[in-house]
Amino acid sequence: MLSLALGLRLALIATSLGVLLTRVDGKEHNHIFDASELDCAGNVTYGAVTLTAYHPLFDSDRKRDYLDAENRKLYTLQEYLDNRAPYVTVGMDPNLRLPYGKEACIPELNRHFRRAVRLQVRDTHEDLRDGGYRRVDICVRTQEDSYDDIVNLLQVTLVL
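Going left to right, the sequence shown walks through residues -26 to -1, 1 to 134 as mature numbering (1 follows the signal peptide of the UniProt record, and there is no 0) numbers them.
Hints listed in this document are in silico derivations from the structure and should not be mistaken for laboratory results. Hints should not be assumed to be uniformly reliable.
Said to hold, decoys possible - Derived CB-CB ranges, DEER-like:
1. Gly16 / Asp104: 22 to 28 Å
2. Arg71 / Arg46: 16 to 22 Å
3. Asp33 / Ala9: 37 to 43 Å
4. Asn17 / Asn57: 25 to 31 Å
5. Leu55 / Phe32: 15 to 21 Å
6. Asp104 / Leu55: 27 to 33 Å
7. Thr116 / Arg38: 17 to 23 Å
Think of the CB as a built atom: it goes at the ideal place given N, C-alpha and C, for glycine as much as any other residue.
Using the sequences and the hints, build the whole thing.
Right, dumping it as structure tokens:
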């Protein structure tokens, strides 16, 4: 009886070690460990772009305060990092007339979060007008999140 209990304990320990030693390559969890995968693919690169943050105002009477330019849900950086969003909503100058859903990339964000942060231009605001490619507004969860140095007045590179 003692040897059966000992055998079961050893089997349980071996199973636990097998789970602990299972290799995780990061892609399963949307994390990138190969630094070359943090580069941005795109046709045009803009330097000295100011990254600013905004957040949804869910208690507002104006839908525009919590929905994007086509009245769809704003996806925040935090939702994306928690694997609860397919992309992060960003806003840019309405005069640029970028197509809704245009893919964008900021390599500084990729390096900071050690993973590719998928951005889509799906929003705009009058505060962004005439900013051209010099400003990108990234959607974050709360006002407190907008104070984070990584999204607050950071000079970044924009790749479209």
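Status of the given 17 to 23 Å range, CB of Arg38 versus CB of Thr116: 18 Å, holds
Consistency of beta-carbon spacing, Leu55 to Asp104, with hint 27 to 33 Å: 31 Å, holds
Status of the given 37 to 43 Å range, CB of Ala9 versus CB of Asp33: Holds, since Asp33 and Ala9 (Cβ atoms, about 41 Å apart) stay within the stated range.
C-beta pair Gly16, Asp104: status relative to the range 22 to 28 Å that was hinted: Once the Cβ atoms are compared, 23 Å apart, the range 22 to 28 Å for Asp104 and Gly16 holds.
Outcome for the supplied range 16 to 22 Å, where the beta carbon pair is Arg71 and Arg46: Given a distance of about 19 Å, which is inside 16 to 22 Å, the answer is holds.
Distance restraint hint 15 to 21 Å, applied to the beta-carbon atoms of Leu55 and Phe32: 20 Å, holds
Range hint compliance [Cβ, Asn17 to Asn57, 25 to 31 Å]: At 28 Å between Cβs, range holds.
Consistency note: the structure conflicts with none of the earlier hints.
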